[in-house]
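Student: So the sequences go chain by chain: A, U and L.
Residue numbers for the first sequence, in the working numbering: 1 to 363.
Residue numbers for the second sequence, in the working numbering: 1001 to 1292.
Residue numbers for the third sequence, in the working numbering: 2001 to 2442.
These aren't lab readings, by the way, just hints derived from the structure by calculation.
The structure displayed is predicted, hence computed values, not measured ones.
We put the beta carbon where it would ideally sit given N, CA and C, even for glycine.
A couple of the hints might just be wrong.
To be verified - Selected chain A positions facing chain L (Cβ under 8 Å, derived; list incomplete):
id, residue
1, GLN156
2, VAL260
3, ARG261
4, GLY266
5, THR271
What the hints assert, rightly or not - Computed cross-link-like contacts, DMTMM-like style, restricted to lysine to aspartate or glutamate with a CA-CA straight-line distance of at most 25 Å:
id, chain 1, residue 1, chain 2, residue 2
6, L, LYS2262, L, ASP2299
7, L, LYS2264, U, ASP1133
8, L, LYS2372, L, ASP2427
9, L, LYS2201, A, GLU150
Stated by the list, open to error - Okay, the calculated bits of chain U under chain L, using three or more residues with CB under 8 Å as the criterion:
id, segment
10, 1006 to 1018
11, 1077 to 1087
12, 1113 to 1119
13, 1124 to 1130
14, 1259 to 1270
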Amino acid sequence: MKLTERLRSLTRPVRSVPLARHLLVGLIAFLVVAAIIGSSSQYLQTRYAEMAFFAIAAGGLTVLTGLSGQLSLGHGALMAVGAYAATLVLERTGGETLADVFVALLVAIAVCAVVGVIVGVPAARLHGPYIAGATLTLAVAVPRLANQWEFLGGEQGLQVPVPRAAELPVWIQDLVWFFTAAEIDQYSFLAYLGWFLLILAFVALANLSRSRIGRRWRAVRDDDVSAELAGIHLGRARVVAFTVSAMCAGLAGGLMAMNVRLTAPGAFTITLSLTLLAAVVLGGLGSLTGALIGAGVLAFLPHFATDLGESAGLSATQAAEVTPVVYGLVLMLVILLAPAGIVGSLRMFLARSSLGQTKEKTT
Amino acid sequence: MQQFLDTTLGGLVLGAVYAAFALALCLIWRSTRIVNFAQAAMAMVTTYIALSLINVDVPYWVAFLAAIAAGFVLGAVIERVIIRPVEGKAELNAVILTLGLFMVLHGLTALVFGVQHRGFPAPVSTNAMTVGDTSIGITPFGILTIVVVAVVMAGLVVLFRFTDLGLRMRASAFNGEVSRLLGVRVGRMLTLGWALAAAVGAVAGMLIAGGDLVNPAFMDPFVIYGFIAAVLGGLDSPIGSVIGGLILGLSLSYVTGYVGEHLAPLVALGILMLVLLVRPSGLFAAAAARRV
Amino acid sequence: MRNTARRAVQVVCVLTTASLLAACGAGKERPSEDGTAVGVTDTTIKIGAHFPLTGPAAPGYSEIPSGHQALYEYVNDNGGVHGREIEMVVKDDAYNPTNTSAVTNDMILQDEIFAMVAGLGTPTHRAVVQRLNDDGIPDLFVSSGSLQWGDDPATSPMTFGWQPDYEIEGKIIGQYVKENMPDAKVGLFLQDDDFGEDGEKGARQFLDSQIVDVQKYTPGGSTDFSPQMSSFKSKGVDLVLGFNTPSYTALSQIAAQGVGFKSKWFYSNVGADPALVGGLLASMTKGKIPAEQGVKLMDGMMTTEYIPGVDAPDDEWVKLWQKVWDEYSKKGSEKLTNYRIYGMSQAYTFVQALQANGKDLTRESIVETIEKEGASFEGPGLAPFRFSEDSHMGISGASVVELKNGAAEPLTPVLVTDIGDAPIEEDDSAASDAPPASGLPE
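Work the whole structure out from these sequences, hints included.
Tutor: This is the structure we're talking about:
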């Protein structure tokens, strides 16, 4: 008992400063994740990498929709912008080294920030069904730009060069070897990279939402009239939220390009935008943990559902249709039965049961 | 000149179909303040029901009526079971719910009917008509499409303007509490609104499918274009919906014919943004009350 | 209180996620057998392919894998190839390149295939060519006529084409039109990717001055082609060359009727299956034209042919395919179609290559075998393969045919050529190859 008290007092500075706390949790999480990735098969590594970029996009979306209360059905389009930006940079730099990769991702984020402002300004003026429709149209229209300009590769898309493991800095290779006793290869590299950036992004988002900006977003979401009366510039708060969210989508798009190794308009369907929303709603709007869980579902469910369908005697063609049905049902059931999502419902349940405990103690 | 005429006529037919779709969205918006993103998927389901009937040699027009009836029932059931719990709650919930419904209907249809293209017959010729020696770019089926949409629109205007039922529906949508006090059975009116909308959607589905190939994705473009048409006109106005539909149909037809098919969604987006920025509640909306 | 609860939730969540992940990840190691290639054992060979089983490109194309599977089962029941049975994994990519990349990843890492055989589509397969070559996985007999599978073996040493490429098909069509319809005003109807581009390149060698309009479509985009057909009509086009997939043949016909555009039609082999397209067209005139007569709606259309199809039931090869299909089709009710014949013909070439390779099978050896001996493979193709160290291009020619009542009536002998300026020559020699008595390559 005493020891734990001592420990608590020792770690208090870390726990009381949100940034330090988030960074610490992030570091531990990364070590755990790295250990898991290192011991997984290449196939699972690709799934983890996929989960990472879905989670980054979902994290951005959950901040936008859950905290600032703006709906976007167009995040697939923003991912497309990020993917094309990263691909064009990688094409020019060759994409051989770690620096190339980070430059490409930074450009993707920057371009998406600009696009986020461009889209965010008109979007901030719209509400309800109008913003839903406008962003949905965006999701359909933006990928078609690839057919307009030759340098975007048309319907067939652009090949994405990815770094070869042998080109990575020696210290990374050694580090990975030291911790996992496995050579780093293309697949594990993308998984490590994805989760590293995912954790960075989530630490940043968690911090942002605890900050003054996050409080403003919540104020705007809960009651825009009072927020405006309290001196918050509604439009500006919304545009900032949209831009932050777009930057996440851009990073996710860049990572997606490297994982898929092809950037083509066909990747960015309405379904992508809708499944991102499904992930966010499923996990619980506004919760980063929820976004992570939702992304896990996105990365693993399709394969699971397809296998399930096939083992239930459906043909391969039919089994491919099981996934969207499951997504759709999940969306509907969550909204009808547990509008707070998995994390929110769990929280409520825990809050209720801990309240019950205190009651028992007092009586 | 010939091409311009043909493209214009093609655009009018396309616009009529968008208009029918926008009408259906408008009906639901008026009754429950919800945009139904599952509209196209519901119409796709009723069209497949009609196709199954036609394939067992049921006459076309009987199948047409069956599709309308199926739409009516489907709309009512969906409103009662799925939409009722979220009415009056956060806008976001309803939007996500209808999107979920869209995915489910889509997938289920593909599971039941398969994903392959199937030919869908038309009741009248789908070959171009000729004037003198030259053929013009409109088919008897295209003319039928325009006529049917005009009749549906006229019917709705009569219903809302001149009948007691229409008045009660408008009252329920406008202010549920007060209507209830006045003895209007509001819940029933809302269900009726959804049922009517789905029936109109079913008509649109039949008009789109006639003389063409259908697969479970054949209505997907209408999720978006129908919505844009409705917003162009202002979600509240049936006449606005029709005009919005025609504007969109013509614009997209010209873009596809003269510039390139891939630019159609971009042009649609451009039109939408322009209208929303100039008149955030659509072209034909009554002067919007400024929110505090 | 609230904070503690929240933190507790966070910890629980992180831990559950972590342990879930660990449970998924633990313990699965990539099996690698010494001495033999991945996907090959003493008794089996595992191959894979991506096909559009759903979506707009699915009609027709989704039947090709069933042809492969029927032939492999026939071969397996007759002792396999050098004692090994062939197993084929088929994955749906819905003709979407991004899906192709994902399912190929699954086939390489999860199913651990020895080779990709007959992956279908120009835009789709292009997404994975580099990946397959990087990983040293043989990428044999791509189901597409794009040039890129074979014209540059230095960059893509593992990839081989199979059918005549679209450029030589474009050349053969172009020359025929120039010689026989020199006054035709030609409109091109193209799929907006390498498929359309290669075809256009070949056709323009002969028809540059005759082409008056070019219209394109995006697979998966709009299905209403009235604006495109109006454009043809207004430019006075009287011969349309279509480089498109079968559904789009039907859709272009519908749109042409809708705008009153009348023309001669010349579809590339890919989009001109009379049974499929005719069936689609007939179903739209329910009651007026019975489905089996739908093929008549295609009468007068021209196309090319490079393997014998269902319309030639007396051909020795078609007899063999019919026999195999009757015995090994999974669902007895389904008929033999040209797409299934295409699949069986491809599968036959693959079995031939395995046979020629001998017992010691590695990923490198199969490539070497095809380079050395592929040009002399005798199969159903009307013209020989062009395989060598310098070219991985497939069948070298085709004949121009006109459809009558669903059957192809030859308008020319087999015309053989190559990409670029290579001359077009008549060569019927490979057309007379007959299958061995056993039906198995020797």
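Student: Does each hint hold? Answer for all of them.
Tutor: Here's how the hints hold up against the structure:
Hint status for GLN156/A: holds, given a least beta-carbon distance of 4 Å to chain L, under 8 Å. Hint status for VAL260/A relative to chain L: holds, with the closest Cβ pair at about 5 Å, below 8 Å. Residue-level restraint check for ARG261/A holds (minimum Cβ-Cβ distance to chain L is 6 Å; threshold 8 Å). The beta carbon of GLY266/A is positioned within 8 Å of a beta carbon in chain L (closest approach about 4 Å), and the interface hint is therefore held.
Checking THR271/A against chain L: minimum C-beta separation of about 10 Å lies over 8 Å; hint violated. For the hint pairing LYS2262/L with ASP2299/L, the CA-to-CA distance comes to about 14 Å; that is within 25 Å, so the pair holds. For a cut-off of 25 Å, the pair hint linking LYS2264/L to ASP1133/U stands: about 19 Å separates their Cα positions. A C-alpha spacing of about 22 Å is found between LYS2372/L and ASP2427/L, which places the hinted pair at or below 25 Å, so the restraint holds.
The suggested pairing of LYS2201/L with GLU150/A holds, with an alpha-carbon distance near 17 Å, which does not exceed 25 Å. Requiring three or more residues with a Cβ within less than 8 Å of a Cβ of chain L, the coverage given for the segment 1006 to 1018 of chain U holds, as 4 such residues are present. Beta-carbon proximity to chain L at under 8 Å applies to 0 residues in the segment 1077 to 1087 of chain U; the threshold of 3 is not reached and the given coverage is violated. Against chain L, the segment 1113 to 1119 of chain U contributes 5 residues with a C-beta closer than 8 Å to a partner C-beta. That satisfies the three-residue criterion, and the hint holds.
Requiring three or more residues with a Cβ within less than 8 Å of a Cβ of chain L, the coverage given for the segment 1124 to 1130 of chain U holds, as 5 such residues are present. Proximity of the segment 1259 to 1270 of chain U to chain L, defined as three or more residues with a beta carbon under 8 Å from a beta carbon of that chain, is established by the 4 residues found.
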